[in-house]
Amino acid sequence: MKILTTPRHSEQEHLRFVAAAESQQQQKRGGGDGGDEGGKGSGKGAQKLAKKGEELKEEMDALIDEIDEVLEENAEEFVKNYVQRGGQ
Amino acid sequence: MAIPKVMGTEIEYGITVKNDRDFDPISSCVLLVNSYREDSTAKILWDYDQENPLADARGFQVEGEKYTPNQQENIARNKTLANGARYYVDHAHPEYSCPEVTNARDLVIFEKAGERIVELSRREANRVLPPGTQMLIYKNNSDRKGNSYGSHENYLMDRRTSFKQIVEHLMPFFVTRQVYAGAGKVGSENRSQPCDYQLSQRADFFETEVALDTMVKRPIINTRDEPHADREKYRRLHVIVGDANMSECAIYLRNGATAIVLAMIEDGAIDRDLSLRDPVKAIKEVSHDPSLRHEVELQSGRRMTAVQLQGEYLEMAQRYATGRELDPGAKEVLAYWERVLTALERDPLELADQLDWVAKKVLIESFMARKQLDWDSPQVHMLDLQYHDLRPDKGLYYLLERQGKIQRMVTDEEIERAVHHPPEDTRAYFRGSCLRRYGAEVFGVNWDSISFGIGDEPIKRVLMAEPLKGSKRHVEELFRASPTAAELVKNLKS
Chain P
697 MKILTTPRHS EQEHLRFVAA AESQQQQKRG GGDGGDEGGK GSGKGAQKLA
747 KKGEELKEEM DALIDEIDEV LEENAEEFVK NYVQRGGQ
Chain Z
2 MAIPKVMGTE IEYGITVKND RDFDPISSCV LLVNSYREDS TAKILWDYDQ
52 ENPLADARGF QVEGEKYTPN QQENIARNKT LANGARYYVD HAHPEYSCPE
102 VTNARDLVIF EKAGERIVEL SRREANRVLP PGTQMLIYKN NSDRKGNSYG
152 SHENYLMDRR TSFKQIVEHL MPFFVTRQVY AGAGKVGSEN RSQPCDYQLS
202 QRADFFETEV ALDTMVKRPI INTRDEPHAD REKYRRLHVI VGDANMSECA
252 IYLRNGATAI VLAMIEDGAI DRDLSLRDPV KAIKEVSHDP SLRHEVELQS
302 GRRMTAVQLQ GEYLEMAQRY ATGRELDPGA KEVLAYWERV LTALERDPLE
352 LADQLDWVAK KVLIESFMAR KQLDWDSPQV HMLDLQYHDL RPDKGLYYLL
402 ERQGKIQRMV TDEEIERAVH HPPEDTRAYF RGSCLRRYGA EVFGVNWDSI
452 SFGIGDEPIK RVLMAEPLKG SKRHVEELFR ASPTAAELVK NLKS
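Here the protein sequences come in this chain order: P and Z. As numbered in my numbering, residues 697 to 784 make up the first sequence, in order. As numbered in my numbering, residues 2 to 495 make up the second sequence, in order.
Please keep in mind that the hints were generated in silico from the structure rather than gathered at the bench. These figures come from a predicted structure and were not determined experimentally. Misleading hints may appear alongside valid ones.
[As the list claims (entries may be wrong)] Below, a list of computed lysine to aspartate or glutamate pairs in the EDC-like style, where the Cα atoms sit at most 20 Å apart:
(1) Z:Lys372 x P:Glu754
(2) Z:Lys395 x P:Glu772
(3) Z:Lys395 x P:Glu768
(4) P:Lys753 x Z:Glu402
(5) Z:Lys470 x Z:Glu425
(6) Z:Lys494 x Z:Glu478
(7) Z:Lys165 x Z:Glu227
(8) Z:Lys473 x Z:Asp449
(9) P:Lys776 x Z:Asp375
(10) Z:Lys218 x Z:Asp279
(11) Z:Lys19 x P:Glu769
(12) Z:Lys67 x Z:Asp214
(13) P:Lys776 x Z:Asp197
(14) Z:Lys19 x P:Glu768
(15) Z:Lys395 x P:Asp764
(16) Z:Lys372 x P:Glu772
(17) Z:Lys372 x P:Glu750
(18) Z:Lys218 x Z:Glu286
(19) Z:Lys372 x P:Glu768
(20) Z:Lys395 x P:Asp761
(21) Z:Lys44 x Z:Glu442
(22) Z:Lys218 x Z:Asp57
(23) P:Lys776 x Z:Asp25
(24) Z:Lys473 x Z:Glu488
(25) Z:Lys395 x P:Glu755
(26) Z:Lys461 x Z:Asp50
(27) Z:Lys494 x Z:Glu442
(28) Z:Lys372 x P:Asp757
(29) Z:Lys395 x P:Asp757
(30) Z:Lys19 x P:Glu772
(31) P:Lys776 x Z:Asp23
(32) Z:Lys395 x P:Glu769
(33) Z:Lys19 x P:Glu773
(34) Z:Lys372 x P:Asp764
(35) P:Lys776 x Z:Asp21
(36) Z:Lys234 x Z:Asp57
(37) Z:Lys470 x Z:Asp159
With the hints as extra help, turn the sequences into a complete structure.
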């Protein structure tokens with residue numbers, strides 16, 4: 697099993713982020729109006745949970761890889777040069 | 002009885018040209034706006050005769066020079082579109098003002114159509130720029146160096162409601178609605194307290210409670226009194242306190258909840274005193290606290306969080322809605338408002354797939370953790386900016402959307418249709434349809450008028466002082482009987 701090197705609180709946020717998206721997709725499929733988020737981690741065995749966690753982590757990693765690909769190169773120069781005139 | 006909340010938004014976009022050392026925002030804006038090609042609307046004037054941005058809702062006229070460009074400049078800077086929108090150059094920013102709609106869901110559709118229109122013109126503009134350079138557009142409100150550009154909302158209100166009442170009941174609502182309507186920002190600016198991340202793009206820029214200005218010393222409540230409609234009957238509340246949202250859910254709730262609160266003010270249904278001790282201070286405190294635990298201080302001495310204060314408005318709104326005929330879609334807004342506040346109370350992260358500020362925060366923090374970056378890193382600042390990038394393949398909001406990590410409120414088909422067709426239930430239908438049908442003979446346009454230049458005849462101006470008239474239902478028959486502009490004018494006179 698891979699060892700995670702990210703700080704603990706951030707890792708939890710990865711998981712929550714994806715979990716929120718997933719539960720939302722389930723809601724959409726059900727066509728319901730959501731609101732209740734019962735049944736989170738409803739004890740189907742530690743192994744299964746660990747597997748799920750790993751899948752979520754992979755999904756988040758994939759997203760970050762994709763961001764890596766599109767993120768403006770030379771960020772420092774770019775944000776420095778992004779100057780706007782004040783508007784309304 | 003409250004009047005229907007006809008509404009619209011005006012978005013000023015950020016603009017830059019990558020690798021262009023001599024980047025000039027104004028000429029870039031002119032190129033951008035003129036790169037959007039729609040049949041037969043290329044030479045129509047914006048009618049400045051009807052404009053008066055210096056009238057103050059508190060009942061006076063401010064001294065100042067009214068802007069009226071010459072004809073050539075006018076045409077170069079203004080485009081009225083067949084979907085009823087105005088697309089133009091405002092100061093040094095491209096701006097898209099969506100057509101008038103009657104409900105929050107349509108507002109989402111027509112604001113999102115604006116993103117597509119700007120993106121289409123951006124792509125066209127890039128064809129004529131020198132190789133190696135590229136025009137880029139951002140739907141945000143700040144360059145994070147102290148320069149802000151606005152995204153304004155407009156709501157039709159009953160002239161009989163006193164402006165004082167509006168100010169009193171709206172102020173606490175505006176200070177706190179950023180808990181769902183904030184677009185998120187890394188760091189702070191404009192001399193406000195340092196912070197890592199905040200809810201709102203704009204909060205740092207509000208320096209006073211009520212005023213006419215929109216570019217300096219910005220007020221939480223703007224007093225511009227330019228109704229673009231029958232001024233005896235209506236006012237147009239010009240809201241400058243909001244952020245430019247990417248998220249459809251945030252746009253929906255921002256406009257939907259605001260429209261309900263405004264109707265309640267007209268009906269005298271706000272019966273709790275929620276006045277804040279110091280709104281200008283509070284708007285920044287709320288923005289600077291993503292934990293949402295900070296308590297703002299009320300005049301009464303009570304303290305409550307921004308979410309609790311929104312909850313007070315929601316409760317009053319739910320009572321108001323009981324047994325009453327509301328605007329179309331308002332019940333759905335109420336239900337969604339309740340779900341969002343409940344989730345914010347429990348854990349804002351639950352809304353990472355719905356609200357901009359949460360989605361952006363989670364995205365940035367995940368990236369920071371993986372790359373061992375901190376909030377001062379240029380890459381983090383780049384993520385903040387690129388979240389608002391209009392390129393579908395590079396914009397980080399669109400990336401989340403594509404990956405199914407963002408909830409949708411409307412469909413791509415609805416947005417695509419709104420790029421080309423006006424809403425059917427306001428005067429925008431008449432405006433857009435006239436451009437489509439008689440574009441060559443339309444001489445000038447404003448929100449409340451459209452004028453025709455037919456042959457050598459004097460210009461005929463059709464006034465549209467009622468925002469709900471000119472809908473499809475009203476004018477379908479008229480259009481059928483008027484194959485030409487001349488016949489339209491004749492039929493209107495008879």
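Each hint, compared with the structure:
1. About 15 Å separates the Cα atoms of Z:Lys372 and P:Glu754, which keeps this hinted pair within 20 Å; it holds.
2. Only pairs whose Cα atoms come within 20 Å are accepted, and Z:Lys395 paired with P:Glu772 is accepted, the gap being roughly 18 Å.
3. Restraint check: the Cα-Cα separation between Z:Lys395 and P:Glu768 comes to about 9 Å, which is no more than 20 Å; the hinted pair holds.
4. Only pairs whose Cα atoms come within 20 Å are accepted, and P:Lys753 paired with Z:Glu402 is accepted, the gap being roughly 19 Å.
5. Distance restraint check for Z:Lys470 and Z:Glu425: the Cα-Cα separation of roughly 10 Å lies within the 20 Å cut-off, and the hinted pair is therefore satisfied.
6. Pair hint Z:Lys494 plus Z:Glu478 holds up; C-alpha atoms about 15 Å apart against a cutoff of 20 Å.
7. Using a Cα cut-off of 20 Å, the hinted pair Z:Lys165 and Z:Glu227 holds, with the two alpha carbons roughly 17 Å apart.
8. For the proposed pair Z:Lys473 and Z:Asp449, the alpha carbon gap of about 17 Å is at most 20 Å, so the pair holds.
9. For the given pair, P:Lys776 sits about 17 Å from Z:Asp375 by alpha-carbon distance, which is consistent with the 20 Å threshold.
10. Taking the CA atoms of Z:Lys218 and Z:Asp279, the gap is about 16 Å. The hint holds against a cut of 20 Å.
11. About 12 Å separates the Cα atoms of Z:Lys19 and P:Glu769, which keeps this hinted pair within 20 Å; it holds.
12. Straight-line distance between C-alpha atoms of Z:Lys67 and Z:Asp214 comes to about 14 Å, which keeps the hinted pair within the 20 Å bound.
13. For the hint pairing P:Lys776 with Z:Asp197, the CA-to-CA distance comes to about 18 Å; that is within 20 Å, so the pair holds.
14. Proximity of Z:Lys19 to P:Glu768 is assessed by CA-CA distance (about 11 Å); at most 20 Å being required, the pair is judged to hold.
15. Restraint check for Z:Lys395 and P:Asp764: satisfied, since their Cα atoms lie roughly 11 Å apart, inside the 20 Å limit.
16. Among the hinted pairs, Z:Lys372 with P:Glu772 is consistent with the structure: their alpha-carbon atoms are about 16 Å apart, no more than 20 Å.
17. Restraint check for Z:Lys372 and P:Glu750: satisfied, since their Cα atoms lie roughly 19 Å apart, inside the 20 Å limit.
18. Proximity of Z:Lys218 to Z:Glu286 is assessed by CA-CA distance (about 18 Å); at most 20 Å being required, the pair is judged to hold.
19. Using a Cα cut-off of 20 Å, the hinted pair Z:Lys372 and P:Glu768 holds, with the two alpha carbons roughly 16 Å apart.
20. A hinted pair counts as satisfied when its Cα atoms are at most 20 Å apart, and Z:Lys395 with P:Asp761 qualifies at roughly 13 Å.
21. Restraint check: the Cα-Cα separation between Z:Lys44 and Z:Glu442 comes to about 10 Å, which is no more than 20 Å; the hinted pair holds.
22. As the CA atoms of Z:Lys218 and Z:Asp57 are separated by approximately 16 Å, the hinted pair is consistent with the 20 Å bound.
23. For a cut-off of 20 Å, the pair hint linking P:Lys776 to Z:Asp25 stands: about 16 Å separates their Cα positions.
24. Restraint check for Z:Lys473 and Z:Glu488: the C-alpha separation of about 18 Å stays at or below 20 Å, so the hint holds.
25. Pair hint Z:Lys395 plus P:Glu755 holds up; C-alpha atoms about 19 Å apart against a cutoff of 20 Å.
26. With a C-alpha separation of about 14 Å, the suggested pair Z:Lys461 and Z:Asp50 falls inside the 20 Å cut-off, and the hint holds.
27. For the proposed pair Z:Lys494 and Z:Glu442, the alpha carbon gap of about 17 Å is at most 20 Å, so the pair holds.
28. The hinted pair formed by Z:Lys372 and P:Asp757 meets the criterion: a straight-line CA distance of about 11 Å does not exceed 20 Å.
29. Under the criterion of a C-alpha separation no larger than 20 Å, the hint pairing Z:Lys395 with P:Asp757 is consistent with the structure, at around 18 Å.
30. For the proposed pair Z:Lys19 and P:Glu772, the alpha carbon gap of about 13 Å is at most 20 Å, so the pair holds.
31. Annotation: proposed proximity of P:Lys776 to Z:Asp23 holds, straight-line Cα distance about 15 Å (limit 20 Å).
32. Distance hint between Z:Lys395 and P:Glu769 is fulfilled; the C-alpha atoms sit about 12 Å from each other, no more than 20 Å.
33. Simply put, Z:Lys19 and P:Glu773 have alpha-carbon atoms about 11 Å apart, close enough for the 20 Å limit, and the pair holds.
34. At most 20 Å may separate the alpha-carbon atoms for a hinted pair to count; Z:Lys372 and P:Asp764 meet this at roughly 10 Å.
35. Simply put, P:Lys776 and Z:Asp21 have alpha-carbon atoms about 14 Å apart, close enough for the 20 Å limit, and the pair holds.
36. As the CA atoms of Z:Lys234 and Z:Asp57 are separated by approximately 16 Å, the hinted pair is consistent with the 20 Å bound.
37. Distance check on the hinted pair: Z:Lys470 and Z:Asp159 sit about 16 Å apart at the alpha-carbon level, within 20 Å; holds.
Checked against the numbered hints given earlier, the structure satisfies every one of them.
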